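Asker: Work out the full structure, taking the sequences as your base and the hints as a guide.
The primary structure of each chain is shown beneath.
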Amino acid sequence: MKQKIFFTGFLLLFFSMQLMAQNPKQLIAAVNKKFNSVQDYSADLKMDFNIPSVNIQTIKGKVFFKKPNKFRVRTHGIVFLPKENPAYALTLLADTNSYTALISGEEKIGNSVCEVVNVIPNKDGDMILGKFWIDAKTALVMRSQLTTKSNGTIQIDNTYAENNTLPSKILFTVDIAKFKIPKALAVDINSKSSNNKNYNNRTSGFITLHFSNYKVNQKLQDAVFTEPEK
Amino acid sequence: MLQLTLVELYKIITKPRSYIGFLAVTIVILLIQFALYLQGDSYINFVFQNLQQTFVMQGKILNGNQICFIILQTLILQMPLMVALVTGDLISGEAATGTIRLLATKPFSRIQILLSKYFAGTIYTICLVAWLGLLALGLSLLIFGNGDIIVIKSESLIILRSTDVLWRFMFAFLVAIISLVVVSSFSMMLSCFTDNSIGPIIISMAVIIVFTIIGTIEVPIFDYIKPFLFTTHMIIWRNLFDNPLDKMQIIESLSVLLLHIAVFLGISLYHFNNKDIQS
Numbered sequence: 001m002k003q004k005i006f007f008t009g010f011l012l013l014f015f016s017m018q019l020m021a022q023n024p025k026q027l028i029a030a031v032n033k034k035f036n037s038v039q040d041y042s043a044d045l046k047m048d049f050n051i052p053s054v055n056i057q058t059i060k061g062k063v064f065f066k067k068p069n070k071f072r073v074r075t076h077g078i079v080f081l082p083k084e085n086p087a088y089a090l091t092l093l094a095d096t097n098s099y100t101a102l103i104s105g106e107e108k109i110g111n112s113v114c115e116v117v118n119v120i121p122n123k124d125g126d127m128i129l130g131k132f133w134i135d136a137k138t139a140l141v142m143r144s145q146l147t148t149k150s151n152g153t154i155q156i157d158n159t160y161a162e163n164n165t166l167p168s169k170i171l172f173t174v175d176i177a178k179f180k181i182p183k184a185l186a187v188d189i190n191s192k193s194s195n196n197k198n199y200n201n202r203t204s205g206f207i208t209l210h211f212s213n214y215k216v217n218q219k220l221q222d223a224v225f226t227e228p229e230k
Numbered sequence: 001m002l003q004l005t006l007v008e009l010y011k012i013i014t015k016p017r018s019y020i021g022f023l024a025v026t027i028v029i030l031l032i033q034f035a036l037y038l039q040g041d042s043y044i045n046f047v048f049q050n051l052q053q054t055f056v057m058q059g060k061i062l063n064g065n066q067i068c069f070i071i072l073q074t075l076i077l078q079m080p081l082m083v084a085l086v087t088g089d090l091i092s093g094e095a096a097t098g099t100i101r102l103l104a105t106k107p108f109s110r111i112q113i114l115l116s117k118y119f120a121g122t123i124y125t126i127c128l129v130a131w132l133g134l135l136a137l138g139l140s141l142l143i144f145g146n147g148d149i150i151v152i153k154s155e156s157l158i159i160l161r162s163t164d165v166l167w168r169f170m171f172a173f174l175v176a177i178i179s180l181v182v183v184s185s186f187s188m189m190l191s192c193f194t195d196n197s198i199g200p201i202i203i204s205m206a207v208i209i210v211f212t213i214i215g216t217i218e219v220p221i222f223d224y225i226k227p228f229l230f231t232t233h234m235i236i237w238r239n240l241f242d243n244p245l246d247k248m249q250i251i252e253s254l255s256v257l258l259l260h261i262a263v264f265l266g267i268s269l270y271h272f273n274n275k276d277i278q279s
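Just so you know, the protein sequences line up as chains L and D, in that order.
Position 200 of the first sequence, counting from 1, maps to 200 under my numbering, and the rest follow consecutively.
Position 208 of the second sequence, counting from 1, maps to 208 under my numbering, and the rest follow consecutively.
Keep in mind that the hints were calculated from the coordinates and are not lab data.
Just so you know, these numbers come straight off a predicted model, no measurement behind them.
Check each hint, because a few of them may be wrong.
Claimed, not checked - Residues of chain D placed beyond 10 Å of chain L at every Cβ, according to the derived structure:
#1 6
#2 20
#3 31
#4 34
#5 55
#6 115
#7 126
#8 144
#9 168
#10 196
#11 198
#12 199
#13 247
#14 273
Claimed, not checked - For each label pair, taking beta carbons as the anchor points, the in silico distance ranges come out as:
#15 L:178 with D:246: 18 to 26 Å
#16 L:120 with D:143: 50 to 58 Å
#17 D:247 with L:105: 52 to 60 Å
#18 L:102 with D:34: 52 to 60 Å
#19 D:244 with L:91: 38 to 46 Å
Unchecked claim - DSS-like mimics (lysine-lysine), calculated; alpha carbons at most 30 Å apart, straight line:
#20 L:123 with L:83
#21 L:169 with D:247
#22 L:183 with D:60
#23 L:60 with D:247
Backbone N, C-alpha and C fix where the C-beta goes; we use that ideal spot for every residue, glycine too.
Answerer: Here it is as structure tokens:
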């Protein structure tokens with residue numbers, strides 16, 4: 001009798017979990033629906049850099065985005081930007097016919113319990129694999145990890161202010177090679193070469209973007225993305 | 001003393017070789033500016049190629065400040081040679097022509113005579129650095145505009161904002177003047193010991209070249225020698241573009257350079273004061 005009750009309980013739990021589990025298409029559709037409400041935005045931007053062997057101070061500027069994939073950062077000075085723009089992951093998810101999505105598990109990021117969705121492109125291109133940590137409750141992408149042929153792996157961690165569709169902070173983690181040029185070219189006569197035995201010479205660099213004063217759906221002109229820097 | 005210094009300056013001005021340095025600085029700077037104006041992007045792409053695999057570098061990289069920095073690091077090794085060309089001749093040149101005896105008969109002490117030559121040589125050095133600054137920074141800013149600097153080191157990069165750069169350049173030029181005064185003091189010291197005008201110039205150039213080569217080669221045995229070479233401390237101007245500044249290192253190097261000036265000048269004064277001038 002005890003065995004029957006245990007078995008029935010197990011079956012009920014199993015099927016209820018199956019019902020609760022998200023279908024990746026539904027999950028992505030919810031993300032896309034939320035992102036569809038944003039046609040363009042501009043915001044104030046503060047950028048922090050933690051890139052090994054690059055000493056660069058925090059810089060402020062403005063950021064502009066317009067669908068489908070126009071993105072521009074404007075600063076008064078030199079900045080290092082990741083090759084993928086912050087909206088690249090969402091733009092990628094929007095074209096649901098171009099990939100196959102699979103849920104590979106559940107992970108907790110901060111206070112959010114996220115479904116881990118693997119996205120495999122249907123066509124051979126630069127993108128090899130996309131991995132998205134989606135909070136099913138809010139339909140927000142909390143983390144994405146993109147592996148491309150040209151740029152290696154890049155991880156994007158998003159932090160959202162309450163009830164916001166757009167992130168207040170984005171942390172890019174990129175895989176970079178150690179910077180090294182001949183001493184003669186740098187005329188760096190007094191310096192000594194580091195005794196780094198790490199022959200792989202690859203490490204991680206971090207770029208943090210802090211967004212504030214979002215202005216959404218202002219019908220930004222295309223010229224904003226093309227006019228030269230002053 | 002002022003009159004004597006002005007006379008010495010007049011002698012420098014009337015010598016054609018005094019203009020070689022100015023001409024060389026002008027040609028090199030104009031060539032670098034012209035080349036970077038036409039093909040600066042290729043240079044930038046070559047230097048930053050491995051970073052550009054991962055990042056998009058945004059901003060005006062080829063700007064006046066950056067060009068000035070590139071010029072300084074290219075020219076700073078050659079500038080001492082141009083200074084030695086003039087200051088190495090100040091005493092020995094007159095000894096070779098016999099005018100030093102005539103000068104010694106005037107109502108000035110030998111110390112005054114030597115110091116006036118030393119001050120004239122220093123003024124010449126300041127003028128050369130000022131000309132370098134005017135062309136390298138002033139003209140570059142005029143052609144390429146203002147902007148941030150990327151300080152390129154062999155294993156790292158430092159990006160300095162344009163608002164944080166001008167004072168560094170001013171101090172760098174000041175350090176360049178002190179460094180070049182070391183060379184002028186050294187060549188003048190050698191000049192006191194010979195009656196041949198070419199000898200001190202050649203020896204000064206040879207010493208600078210040898211010291212620079214020792215500083216460049218990464219052999220452990222040279223690590224013990226390097227701190228004692230004035231050429232090691234002459235390129236301390238580059239440390240002014242570090243962030244944060246290693247103030248102790250800068251002060252230490254400046255102290256070593258000033259000590260060299262004092263020692264070279266002291267030896268010059270002692271020897272010239274006691275020298276048996278026969279020609």
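Asker: Need the list of violated hint numbers for this structure, in ascending order.
Answerer: 5 and 21
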